[in-house]
Structure formats: C-alpha cells, structure tokens
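Note that the protein sequences, when read in sequence, are chains A and B. Per our numbering, the very first residue in the first sequence carries number 1219; after that it's consecutive. Per our numbering, the very first residue in the second sequence carries number 18; after that it's consecutive.
It is worth saying that the hints were derived from the structure and are not from the lab. Check the hints yourself; a few may be wrong.
Partial chain B-side listing against chain A, Cβ under 10 Å, derived [as the list claims (entries may be wrong)]: (1) Arg99; (2) Pro230; (3) Leu233; (4) Ala236; (5) Ser237; (6) Ser238; (7) Asp239; (8) Thr243; (9) Pro244; (10) Thr247; (11) Pro254; (12) Leu255.
Listed below are the simulated BS3-like cross-link pairs for lysine-lysine, each with C-alpha atoms no more than 27 Å apart in a straight line [claimed, not checked]: (13) B:Lys250 <-> A:Lys1373; (14) A:Lys1371 <-> B:Lys250; (15) A:Lys1332 <-> B:Lys250; (16) A:Lys1324 <-> B:Lys250; (17) A:Lys1237 <-> B:Lys138; (18) B:Lys168 <-> B:Lys178; (19) B:Lys178 <-> A:Lys1327; (20) A:Lys1327 <-> A:Lys1397.
This structure is a prediction, so every number in the text was calculated from the model and none was measured. All C-beta atoms, glycine included, are put in the ideal place defined by N, C-alpha and C.
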Amino acid sequence: MSTSAVSLRAVSRHFGSVKALDAVDLDIAEGEFFAMLGPSGSGKTTCLRLIAGFEQPTSGHIEIFGERVEGVPPYRRSVNTVFQDYALFPHMNVIENVAYSLMLRKVPKAERLKTAEAALELVQLGGYGDRRPGQLSGGQRQRVALARAIVNKPKVLLLDEPLGALDLKLRENMQEELKSLQKRLGITFVFVTHDQGEALSMADRVAVFSEGRIRQVGTPEDIYQRPDTPFVADFVGSSNVLPPALVERLAGIRRYASLRPEAIRLGGEARLSGIVVARSYLGPVTRLAIEAEGLKLHAVVPSGADLPGEGDTVGVGFDSAALHLMGTEP
Amino acid sequence: MSALDAGWTPPPRSLGGRLGDLFWRRPGLLVALMLLPPVLWLGIVYIGSLLTLLLQSFYSLDEFSGLVVPEFTLATYAELLRPSNFDIILRTVIMAALVTVASAIIAFPIAYVAARYARGKWKALFYLGIMLPLWSSYLVKVYAWKLILAKEGILTWLFAKLHIAWLLDAILAIPGIGGNSLSVSYIGTFLVFVYIWLPYMILPTQAALERVPVNLIDASSDLGGTPAMTFRKVILPLAFPGIVAGSIFTFSLTLGDYIIPQIVGTSRLFIGQAVYTQQGTAGNIPLAAAFTVVPIVIMGIYLTVAKRLGAFDAL
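All chains should be built: construct the whole structure from the sequences, respecting the hints.
Okay, here's the thing in structure tokens:
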C-alpha cells in the first residue's frame, strides 16, 4: 500500500477539559474524496483544522504524505483550505484574491495573473477578476474561494462545510461540480459536513464523528446499509434503532439493530403492531411515524391513496434480512 | 383552559403608545426631532462662529489705533508667510506629524495584543489602562511630566543611576531639538504630546484590528503567508482606516494644543500659542483668526490625501 495522503495516529486535541478530538486514528488515501461527517461539536472541524495546521494536537501525530507535520505552520504545508464563510480578502479584487498564494511566492505578475485567470475559468468565473468579493453572490464567492485554494496545486484540499451557506439548488450544482473538479485535478479532497446526504452522495469514503471520536469509517454504502453503532444508524440513515430486548424477541439475539425506514412494509405479514402518529407527504413517498412497542418507528412508503391516516392501527412488516444487527453498546 | 387561551390583547393606548403610533406612521418626524438640537448647535453656534472667524481673518489690524479694519484684505494671510509666523506653522506641523507617527508605532502593538489576545477580564483591564489617564486632569499630567523631565527630575536621576548620564547629555546636546534639560527642549514637548494623545491612537486602531476576521489571517497563513507577509498584506491594510482615524485625532489635537508647549518645551511658539497671544495680549484678532484657519486647511488636505490612499474604503 502506498503512503496515505493524510494519516492521524492517536490524535487528541483538548481545550481545557473539553476533548474536542480524542485519540483519533484515520488514513485518507491519495486522490480520495473523503468526507468527515458529524453533528456540530463532534470534532470534525477540529480534525480539519489540525490537518491544515491552525491547531496543534495535544497528543498523537499527523502525517501528510508521510511527513510528520506537528509543529509545522500552515504556510509550510502543501494543504489548502476552502473556508466555511469563504474568508475572501475584502481589500483585494477577485483576481488578487485568487493570485494571493502566487504573489506570496513571488511568481512574476503576468504569469500569476494568467494562472489565476485559468483557475477562475476552472470554476466558471472567467472574466470576474476585476470585481470585489462584496459584489459577488454567495455561490460566486464560494467559487472564488475554491479557485484561490487550488491555484497553487496543493496536495490536499480541505473544505470546511463548503456548501453550507448555499441554497438547495446551488448546493446540488456545486456537489456535482466539486466531484468533477476533484476527478480532473486528482487532488485529495477532504471535506467536513453535517449533511449526511451531501457526504453520502459526494464522498468515496466517509468518517462519522461524534463526541470527539470516529464512530465508523467506510464507503457511503457501508455507512448507510451497515452502520456499526446506533449513533451512526440514527445520524447517517435516520434508521430506526431497535433496542436489544426487542431484537431478542424478533431475531433471537440480544443486540442493537437498525431498520431502514424504506424497509418497512405496511400490511402483509406484520411483525409488530403500532399506531400512526404523524404522516408527512414528501412527493413520491410518504413518511409515517408509527408508535409501536414504546418506540417511534419511521417508515417511508410509496405515496398512494390507501395509506393509513393519523390514529390508524397498522401492522409493521419487514424482511429479516433488513434487520441489521449492531453491537450491544448504545 | 390554559393561560394561553385568553386571546390577543393590544398594548395599552397610553400617551407614549400613541406617540409611538405617530412616529411609526411618520418615521421622518422622529429623525427630525432627534436631529434638531445637534443641527441647531452645529449650524448656528459652530459653523456660524467658524464663518465669523473666517471673515475676521480677511480683515486687518490698524497698526496705529489697534482697531480692526472691517475691509476685505489678504494682508493678514500675507503676514502668516512672514518668517517669524511661518516658522510657527512649520514647527507645529512637523511636531504634529512626528507625534502622529510615533503614536502610531507605539499604539499598534498595544492595540494588536488587546484586539487579538485579550479576553474577558484582560480586555477590561486593557480598557481601564488606556482610559485611566484620560480621567485625570490634563494639566496635572502635563505638570507631572514637567517634573519627570526636569533637570532635577526622576529621569535624570535614573540615567545617572544606570551610569548612562552621558547618553542623556548627548541627546540634550543635539542642536535644535536638545536643550538645557528635557523639560525645556522640543524632545520634552514631543514626549508629552505622545503620552497625552496616545489613547486616541490606540482605541481606533484596536477597534479596527478587532474587526479583522481571524479567518482572514488563517486564510493568508493557509495560502503560504508567513506571519510577516500576513501582517503586511492583510492585517495592516485592513487596520489602516483605524490608524488613519487615530492619526486624525493625534494630528489635529497636536496642531491645536497651546498648553503643552507652554509648560514643557522651549519658549518658541506653536500655532495654538500664537492664536492665544494674538487674540489676547496682542489683540490682533484677524491674525489670530488667520492662524486658526491654518489647522483647518491642513486637516482638509490631510483628509483628502488619506481618502486618496484608500483609508476610508473599508469603512
């Protein structure tokens, strides 16, 4: 196996008594599109800032392409960052922003303007060089930040909630663009997000963070279909988590299990019985909340005329194979 | 029945409430009411006096009778250009410029630490430290400095104790700015000016530095900027409006002050003192007025240049 683009070994970052990151091990392969997913305060952004060099680990060590980087300042790392709120320099126009890293490296003016313009074209903002960041829309600023981060061809590109401030339509466009940009550049992308849909649709692999630890690393399919822990099942897939006592009755083994909302069938061979407490229409599918066995189960079923309404008693059915067994820890 | 079932109740229709309704319907009325006193003050008392002053400067003084001749003439302004008067202007402007530069250099690190590193209690302590000198009388401070700088003062004693009295002597021996002791030299005047006006430079600089988002500094570092480069290319340009704002204070305050150079320094006059003597002892109101116009014109030029430099772009 070749060296990883980024690897973390037992990395911790403590702020006083708060363990923002606690003994994390992680390997990110070269050329990978890697997502760090987790709720706010889970440590994913701290992890990103440690790789970028804005924070130093309390313990453990970090390697970027095989080189230890503890104590190496951000400006000596071949890593660039796209910041959550873009962090464009307000006193410079777009082209000066993009050419900033080249200017610091004393690249001759004509050459750096040419390179910066090429980077702007790559993000479809050719000809916008003269504008000020303040004159651009959120989506355009995002692209400028992206162009600025890739203009010097970093080995690893870090993206901190890159799409968080964009509206849905723009976000979907940018997702595709980021993906194709990454393929074209061949740079390792590491991005932080709290949006599981974004992580699953864009990333080659996903690490799920919670409370300063990585709960699971795997392909989107792994994470979604075969969560290791109730947390991952709930956070990533909004899966129903069944407690050990219930699972013992259903499958004969005392473990936590996850059950995907779309795996639930109504009617037919019922394995549980419950009452519909909420119904929301989502277009092609309808989402039902069903109270059964003291649990609130979510089911996603095809929309149709014969769906039960609130207060109706329904039978909950599913294939045994749909019941994914996890550990005994909550 | 819960407490929430009582239904919607309107706010009371008291006098204040009805006044509020009126202002809500006519927002211009409230703005006009709030602006009226300051506009009256600025328009009549301030601008009015300024125009009268300007008018006075175009009159002249009859040498024999000592009376003001209310006829338009540029003779008074011509008088300003006489070497003895022009020296005063030059001396004051150079002093104001030096005080401003020195204040900016001393203020910046203090403001930087306060803006970037001080939090909570330390920040309060910073403000206290900066503002505390402003609470005590200006005269007390200036006289205290006179004692500090005097030949028998603590500074001379300190230099002697450190066996570097020769250094003080060497400084005092510098022709032009030296003197018998620091308290009767331009160096002394300069030191006191810097001390007295420094808070006015620190506060706007600190405010400007505080507004520089930390992530811009991170971004610069991320893109390959060493701390020195980040300082030059990001922090300084973004803090520049604050420094200019501070310099407007230090520069104009030094231009107009007449007490500090009178207590600490040589017997040679600064603009403020010239105004004081011309309108007081000499009774030459037109010349005093002309002298007063000088700082106004200089500040006008100064602000124009600052604007050209883009000092107000980030406001």
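Q) Hint by hint, which ones does this structure get wrong, listed from lowest number up? A) Violated: hints 1, 19 and 20.
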